[in-house]
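Quick note, the sequences are listed as chains A and B, same order.
With the working numbering applied, the first sequence corresponds to residues 154 to 317, in that order.
With the working numbering applied, the second sequence corresponds to residues 154 to 317, in that order.
The hints are simulated quantities; they were obtained by calculation from the structure and are not laboratory data.
Please note: incorrect hints may appear among the correct ones.
[Claimed, not checked] Sample of chain A residues facing chain B (criterion: CB under 10 Å; computed from the structure): (1) ALA164; (2) THR165; (3) LEU167; (4) GLN189; (5) GLU191; (6) THR233; (7) GLN234; (8) ARG237; (9) MET305.
The beta-carbon is built from N, C-alpha and C at its ideal position, and this holds for glycine as well.
As a plain string of letters, each chain reads:
There are 2 protein chains.
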Amino acid sequence: MDTSESRFAAATLLSWKGVLAQVDKGLAAWTDDDLQAEVARGRNRLYYLLGHLTAVHDRMLPLLRLGDRLHPALDEQFITQPDRAFTGPEPTAADLRQAWTEVNAKLTSALEQLTPAQFLERHSAISAEDFAREPHRNRLTVLLSRLTHAAMHEGQMRLVKPTK
Amino acid sequence: MDTSESRFAAATLLSWKGVLAQVDKGLAAWTDDDLQAEVARGRNRLYYLLGHLTAVHDRMLPLLRLGDRLHPALDEQFITQPDRAFTGPEPTAADLRQAWTEVNAKLTSALEQLTPAQFLERHSAISAEDFAREPHRNRLTVLLSRLTHAAMHEGQMRLVKPTK
Numbered sequence: 154m155d156t157s158e159s160r161f162a163a164a165t166l167l168s169w170k171g172v173l174a175q176v177d178k179g180l181a182a183w184t185d186d187d188l189q190a191e192v193a194r195g196r197n198r199l200y201y202l203l204g205h206l207t208a209v210h211d212r213m214l215p216l217l218r219l220g221d222r223l224h225p226a227l228d229e230q231f232i233t234q235p236d237r238a239f240t241g242p243e244p245t246a247a248d249l250r251q252a253w254t255e256v257n258a259k260l261t262s263a264l265e266q267l268t269p270a271q272f273l274e275r276h277s278a279i280s281a282e283d284f285a286r287e288p289h290r291n292r293l294t295v296l297l298s299r300l301t302h303a304a305m306h307e308g309q310m311r312l313v314k315p316t317k
Numbered sequence: 154m155d156t157s158e159s160r161f162a163a164a165t166l167l168s169w170k171g172v173l174a175q176v177d178k179g180l181a182a183w184t185d186d187d188l189q190a191e192v193a194r195g196r197n198r199l200y201y202l203l204g205h206l207t208a209v210h211d212r213m214l215p216l217l218r219l220g221d222r223l224h225p226a227l228d229e230q231f232i233t234q235p236d237r238a239f240t241g242p243e244p245t246a247a248d249l250r251q252a253w254t255e256v257n258a259k260l261t262s263a264l265e266q267l268t269p270a271q272f273l274e275r276h277s278a279i280s281a282e283d284f285a286r287e288p289h290r291n292r293l294t295v296l297l298s299r300l301t302h303a304a305m306h307e308g309q310m311r312l313v314k315p316t317k
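Same shape as in the complex, but just chain A (with noise of 0.2 Å):
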């Protein structure tokens, strides 16, 4: 049904798509090695942060309530320390790429499945009590949230120039 409610929910999915859609165009671009350049000298290598973003929107499926994870593993590596940090296995940038296909397709099919009014209830990290008193803690805030972040880190991706 068209409403205003659903061109605002239609809109922001798009423009998440659109973000998405940025960093899949540098990886269709970048061979397995580019990912290993820095965006900018001393700074993240394009391998961290296509799997920092791959492990921030995993867990953005329980976090909206959409699913459980698909790859947990990549938190330590990803989120909780720093690049280079990392001392276990690590996973190939072809896993990496994977996971990141996996995760975003898992994720936005499930947010196009959210009527307007479900993108207004609340995330899975605050309760049903503090939610009454907090409406904004909802999946739309978060979803714009990583929005942002996804675009913060496009940015810098894009700085590095594919060889091929």
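Fit chain B to the supplied structure of chain A, relying on the hints for placement.
Relative to the frame of chain A, chain B by itself:
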């Protein structure tokens, strides 16, 4: 009035202000000399990105039918031309800081006056006839697009560490 639509509009505005606040946080830490630093080797200077974001946001005033522009003279140096190409008289860092603050104050204040229905009205670059067929070409989608754009550049700007 607290309706679902007003919550969508409020959440979007909150994200917009959050991105501006992140740029402001950087600007408070960088000296005018720091603004001459490149975000990565051979890439835009902070000075250029500040002028670029100011010009793009200034253009939003007429585009969103929210009033006249404050600094149309910025376009040539900061939108039409890439960094370091402009040969005319340049604004100082202090000029740009002031223009950035003025433009966003006028723009954000006008956005805060809009009702949810007004967010879904057409922007000025589309005719009423075309808008009837393409209702997504509204103020909201422009705002989301510029929000993503600002976040993308803010992510680049934050790569520069303040010297002070």
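Status of each hint after checking the structure:
no., hint, result
1, ALA164, "5 Å, holds"
2, THR165, "7 Å, holds"
3, LEU167, "7 Å, holds"
4, GLN189, "16 Å, violated"
5, GLU191, "9 Å, holds"
6, THR233, "21 Å, violated"
7, GLN234, "20 Å, violated"
8, ARG237, "17 Å, violated"
9, MET305, "3 Å, holds"
Going through the hint list in order, the structure does not satisfy hints 4, 6, 7, 8.
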